[in-house]
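If you're matching positions, the sequence shown starts at 1 in full-length UniProt numbering and goes up one per residue.
Treat each hint with caution, since some may be false.
[Said to hold, decoys possible] Calculated lysine-lysine pairs in the PhoX-like style (CA-CA distance at most 25 Å, straight line):
no.: 1; residue 1: K630; residue 2: K506
no.: 2; residue 1: K340; residue 2: K352
no.: 3; residue 1: K663; residue 2: K613
no.: 4; residue 1: K530; residue 2: K744
no.: 5; residue 1: K613; residue 2: K551
no.: 6; residue 1: K225; residue 2: K340
no.: 7; residue 1: K630; residue 2: K599
[To be verified] Each pair of labels, with its calculated beta carbon distance range:
no.: 8; residue 1: H103; residue 2: K630; range: 43 to 49 Å
no.: 9; residue 1: T48; residue 2: H273; range: 39 to 45 Å
no.: 10; residue 1: R342; residue 2: D503; range: 46 to 52 Å
no.: 11; residue 1: S505; residue 2: G247; range: 46 to 52 Å
no.: 12; residue 1: D271; residue 2: Y339; range: 42 to 48 Å
no.: 13; residue 1: P343; residue 2: E75; range: 28 to 34 Å
no.: 14; residue 1: D116; residue 2: S544; range: 41 to 47 Å
no.: 15; residue 1: K613; residue 2: I351; range: 17 to 23 Å
no.: 16; residue 1: G247; residue 2: A596; range: 25 to 31 Å
no.: 17; residue 1: I288; residue 2: D578; range: 44 to 50 Å
no.: 18; residue 1: V255; residue 2: G50; range: 45 to 51 Å
no.: 19; residue 1: K530; residue 2: D116; range: 34 to 40 Å
no.: 20; residue 1: G247; residue 2: A419; range: 45 to 51 Å
no.: 21; residue 1: L291; residue 2: S505; range: 25 to 31 Å
I should point out that these hints are in silico values taken from the structure, not numbers from a laboratory. Just so you know, even glycine gets a beta-carbon here, dropped at the ideal spot from N, CA and C.
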Amino acid sequence: MGSEIFPKVKSEGGSSESGGSESGADERGGDNDAFEYFGWVYHLGVNTIGHEYCHLRFLYIRGKYMEMYKRDPHENPGTKPIRRGVINHTLMVEEIGRRRVNHGDLYVLRFYNRLDETKRGEIACASPGEVRKWMEAFDRAKQQADYDLSRGQSARDKLKLESEINLAGHRPRVRRYAHGLKQLIRIGQGPEKLLRKSSKLGAKSESDVYFEADGTDVVEAHEWKCVRTLDGVRIFEDMANKKTGKGVLVKAVGVVEASADTVFDVLLSLDRHRRYEWDMLTGDVELIESLDGHCDVVYGTLDLRKLSWWQSKRDFVFSRRWFHGQDGTYTILHFPTEYKKRPPKSGYRRIKMIACSWEISNIGTSSSLKPARCLVTLILEIRSKAWFKWKNNEFCKFERTLPFGMLSQVAGLKEYIGANPALTFESSTVVVQSKTSGVSISSNELEDAMGSDEFYDAIGTDSSSSDEDSGDEVSSKQDKKVKLKNVSWAIASLALKKTSAPDTSKELNPNVPSLTLDPSQFHGTMRHAKGEGDSDCWSSPSGSGFMIRGKTYLKDSTKVTGGDPLLKLIAVDWFKVDECITNIALHPKCIVQSEAGKKIPFVLIINLQVPAKPNYSLVLYYAADRPVNKDSLLGKFIDGTDSFRDSRFKLIPSIREGYWMVKRAVGTKACLLGKAVTCKYLRQDNFLEIDVDIGSSSVARGVIGLVLGYVTSLVVDLAILVEAKEEAELPEYILGTVRLNRVKVDSAVPLEG
Numbered sequence: 001m002g003s004e005i006f007p008k009v010k011s012e013g014g015s016s017e018s019g020g021s022e023s024g025a026d027e028r029g030g031d032n033d034a035f036e037y038f039g040w041v042y043h044l045g046v047n048t049i050g051h052e053y054c055h056l057r058f059l060y061i062r063g064k065y066m067e068m069y070k071r072d073p074h075e076n077p078g079t080k081p082i083r084r085g086v087i088n089h090t091l092m093v094e095e096i097g098r099r100r101v102n103h104g105d106l107y108v109l110r111f112y113n114r115l116d117e118t119k120r121g122e123i124a125c126a127s128p129g130e131v132r133k134w135m136e137a138f139d140r141a142k143q144q145a146d147y148d149l150s151r152g153q154s155a156r157d158k159l160k161l162e163s164e165i166n167l168a169g170h171r172p173r174v175r176r177y178a179h180g181l182k183q184l185i186r187i188g189q190g191p192e193k194l195l196r197k198s199s200k201l202g203a204k205s206e207s208d209v210y211f212e213a214d215g216t217d218v219v220e221a222h223e224w225k226c227v228r229t230l231d232g233v234r235i236f237e238d239m240a241n242k243k244t245g246k247g248v249l250v251k252a253v254g255v256v257e258a259s260a261d262t263v264f265d266v267l268l269s270l271d272r273h274r275r276y277e278w279d280m281l282t283g284d285v286e287l288i289e290s291l292d293g294h295c296d297v298v299y300g301t302l303d304l305r306k307l308s309w310w311q312s313k314r315d316f317v318f319s320r321r322w323f324h325g326q327d328g329t330y331t332i333l334h335f336p337t338e339y340k341k342r343p344p345k346s347g348y349r350r351i352k353m354i355a356c357s358w359e360i361s362n363i364g365t366s367s368s369l370k371p372a373r374c375l376v377t378l379i380l381e382i383r384s385k386a387w388f389k390w391k392n393n394e395f396c397k398f399e400r401t402l403p404f405g406m407l408s409q410v411a412g413l414k415e416y417i418g419a420n421p422a423l424t425f426e427s428s429t430v431v432v433q434s435k436t437s438g439v440s441i442s443s444n445e446l447e448d449a450m451g452s453d454e455f456y457d458a459i460g461t462d463s464s465s466s467d468e469d470s471g472d473e474v475s476s477k478q479d480k481k482v483k484l485k486n487v488s489w490a491i492a493s494l495a496l497k498k499t500s501a502p503d504t505s506k507e508l509n510p511n512v513p514s515l516t517l518d519p520s521q522f523h524g525t526m527r528h529a530k531g532e533g534d535s536d537c538w539s540s541p542s543g544s545g546f547m548i549r550g551k552t553y554l555k556d557s558t559k560v561t562g563g564d565p566l567l568k569l570i571a572v573d574w575f576k577v578d579e580c581i582t583n584i585a586l587h588p589k590c591i592v593q594s595e596a597g598k599k600i601p602f603v604l605i606i607n608l609q610v611p612a613k614p615n616y617s618l619v620l621y622y623a624a625d626r627p628v629n630k631d632s633l634l635g636k637f638i639d640g641t642d643s644f645r646d647s648r649f650k651l652i653p654s655i656r657e658g659y660w661m662v663k664r665a666v667g668t669k670a671c672l673l674g675k676a677v678t679c680k681y682l683r684q685d686n687f688l689e690i691d692v693d694i695g696s697s698s699v700a701r702g703v704i705g706l707v708l709g710y711v712t713s714l715v716v717d718l719a720i721l722v723e724a725k726e727e728a729e730l731p732e733y734i735l736g737t738v739r740l741n742r743v744k745v746d747s748a749v750p751l752e753g
């Protein structure tokens with residue numbers, strides 16, 4: 001089953017007759033428009049006799065309600081759903097990566113109830129781009145459920161009743177469905193019409209709105225300079241890294257006429273015939289082990305006669321780890337690795353491949369009718385002296401080296417996709433349909449038609465919104481306003497000169513005298529830094545190294561540098577535990593349980609649960625010197641619903657010092673943690689604790705595993721924010737920061753009972 005026969009998610013033009021945007025019901029329930037998502041997915045599971053199945057199904061979401069069909073109900077009126085249910089606000093959605101199914105690769109979404117993780121199910125899509133769209137759809141449905149809860153006791157009772165019915169009657173329904181296995185359509189055996197479902201492009205665009213990914217959310221530390229062009233691809237050198245006296249960071253950058261989804265699929269494919277058309281180095285490769293949905297190990301051979309005159313036959317082994325950011329950017333990391341199960345091939349000599357990083361990000365177009373485009377970047381470190389002569393156009397042997405062959409891959413990829421229009425056409429169809437109506441949805445409206453079972457009845461078996469896309473839709477049918485992102489580099493450079501400091505009188509009560517907060521009064525298990533060169537310690541930098549939303553962000557997407565944090569970091573704990581711990585604030589030895597801690601008006605506790613052997617917890621304590629205003633954004637976050645908190649709790653990471661591949665893996669983009677990993681909240685007395693389960697995401701586990709391997713050489717900065725989505729909430733401000741200086745894993749202490 002090749003990827004080319006996978007059906008694409010259906011897309012048709014649709015817009016609100018009332019002129020509203022496609023944002024649907026927001027997390028506060030201010031806009032209660034009905035919205036619909038529908039398209040083809042794969043339903044994965046295990047039947048009662050233990051056989052795995054993968055069925056092509058049509059998924060339909062309206063508000064918080066969902067139905068699953070064997071056929072498209074739009075093309076087959078009268079078709080009855082085979083599954084139906086409610087997407088509850090306790091639903092958690094996890095992207096678990098790529099999986100081999102029936103000799104083809106699918107990208108899997110796992111669902112579970114955070115109150116009962118035994119209730120779970122899986123669906124899969126043909127591309128990671130579709131996965132991201134469906135994650136957005138389920139997130140909006142959860143917001144609708146959360147809005148229903150906020151409307152009053154009757155709605156809360158009804159939603160509770162729906163959940164209870166699901167838990168009591170789910171499994172018998174699944175068993176009856178599984179017994180009809182012979183009547184279901186299997187992948188590769190169904191009608192050709194069904195397997196080759198094509199998508200209809202949205203031709204009813206109401207305005208020429210385009211969205212382009214913002215730049216980094218951290219002040220750029222690199223100083224890239226274009227030194228050559230190669231077959232339409234620009235070659236850059238990092239002048240800042242050059243000053244360190246180590247190897248030179250080099251990148252090749254090219255614009256490819258296809259979507260990021262398509263380029264990612266081409267880069268990840270190990271099909272020999274496909275790679276022969278663009279990859280002069282690693283065309284002969286094969287998969288030897290799949291570690292998880294986001295990491296594998298690859299073996300290959302190459303013929304260096306294309307690059308050198310001696311000892312031509314070589315083989316290699318390298319691992320690949322890939323991520324899909326909340327902004328839609330793909331990152332693929334290649335690491336040289338040793339693999340004892342695969343010794344060198346007879347007649348070949350094992351070489352160590354150069355570590356490199358691929359980054360693929362979509363470029364916004366001014367019209368949906370124009371072909372998709374993306375920016376492809378390949379970064380690697382070069383230690384060859386011949387580089388310096390080659391970049392100055394002096395004749396040398398650099399063009400017959402392995403680094404040059406790797407840089408040339410970008411040009412080969414660009415030409416290959418340009419010569420295959422079918423790839424470009426496929427990329428433009430991977431869109432999930434979303435349409436709104438001006439009619440307010442109600443629970444009673446769909447009660448009879450949809451039933452009252454939870455979402456797991458639709459998918460259950462026993463088996464980044466990002467900083468750019470959260471709350472940023474701006475088109476209107478009536479005024480046809482157009483929002484541009486990254487209007488010019490001049491705006492970005494101007495933003496560096498502006499600073500967004502918190503309005504303390506708005507967020508904190510100005511009528512109450514401020515309390516003096518002295519970190520020396522609070523003692524965590526990790527010590528405070530004595531100076532910049534200190535190790536295994538923490539400090540609290542200013543927010544000037546981070547880019548956050550400015551006052552006019554909703555109009556021109558301008559970001560500004562952050563100011564001093566609103567809250568003060570007073571202590572940091574670094575614990576070693578057997579099992580992940582929660583509710584640390586209730587521990588008798590916790591800072592907030594001390595006499596000094598109880599006097600603090602408000603304390604925000606961030607418990608970052610680090611999965612490892614053993615597990616670790618990094619606990620950050622941020623204090624306010626005055627009470628928090630209830631009507632402020634921070635006040636709404638503190639006392640809001642979990643769904644609201646999930647949609648606003650934002651973290652910006654930055655590796656200030658360390659191995660460049662770790663920097664690429666961690667990235668510099670803001671992340672809504674509540675949408676990336678599982679967050680649990682504890683609100684009591686004068687504190688709010690947020691337990692961040694990093695291990696709940698396979699992607700986050702992979703990144704943190706890489707970070708722990710280099711942590712003793714890293715200087716890591718983190719900024720914590722409450723995301724501003726409305727004009728009244730702008731500009732954003734930084735809630736708190738922390739700098740972790742070359743932390744030693746062994747310095748973690750056990751949490752005593």
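Hints and how they fare:
1. K630 x K506: Holds: K630 and K506 sit about 10 Å apart, inside 25 Å.
2. K340 x K352: Since the Cα atoms of K340 and K352 sit roughly 14 Å apart, the hinted pair holds (cutoff 25 Å).
3. K663 x K613: Measuring from Cα to Cα gives roughly 23 Å; hence the hint holds.
4. K530 x K744: The hint holds at about 16 Å.
5. K613 x K551: The hint is violated at about 44 Å.
6. K225 x K340: Judged against 25 Å, a Cα distance of about 40 Å means the pair is violated.
7. K630 x K599: holds, 19 Å
8. H103 x K630: 43 to 49 Å: Violated, since H103 and K630 (Cβ atoms, about 58 Å apart) do not stay within the stated range.
9. T48 x H273: 39 to 45 Å: Roughly 41 Å apart at Cβ, these two residues keep to the hinted range, so it holds.
10. R342 x D503: 46 to 52 Å: violated, 60 Å
11. S505 x G247: 46 to 52 Å: holds, 50 Å
12. D271 x Y339: 42 to 48 Å: 22 Å Cβ-Cβ, so the 42 to 48 Å window is violated.
13. P343 x E75: 28 to 34 Å: Violated: the Cβ-Cβ distance is about 55 Å, outside 28 to 34 Å.
14. D116 x S544: 41 to 47 Å: Between D116 and S544, where Cβ atoms are some 45 Å apart, the hint holds.
15. K613 x I351: 17 to 23 Å: Distance hint for K613, I351 is violated at roughly 32 Å.
16. G247 x A596: 25 to 31 Å: violated, 49 Å
17. I288 x D578: 44 to 50 Å: Violated: the Cβ-Cβ distance is about 34 Å, outside 44 to 50 Å.
18. V255 x G50: 45 to 51 Å: holds, 49 Å
19. K530 x D116: 34 to 40 Å: The hinted range 34 to 40 Å is violated for K530 and D116, with Cβ atoms some 48 Å apart.
20. G247 x A419: 45 to 51 Å: 34 Å Cβ-Cβ, so the 45 to 51 Å window is violated.
21. L291 x S505: 25 to 31 Å: Check failed, 52 Å falls outside 25 to 31 Å.
Of the numbered hints given earlier, the model fails hints 5, 6, 8, 10, 12, 13, 15, 16, 17, 19, 20 and 21; all others are met.
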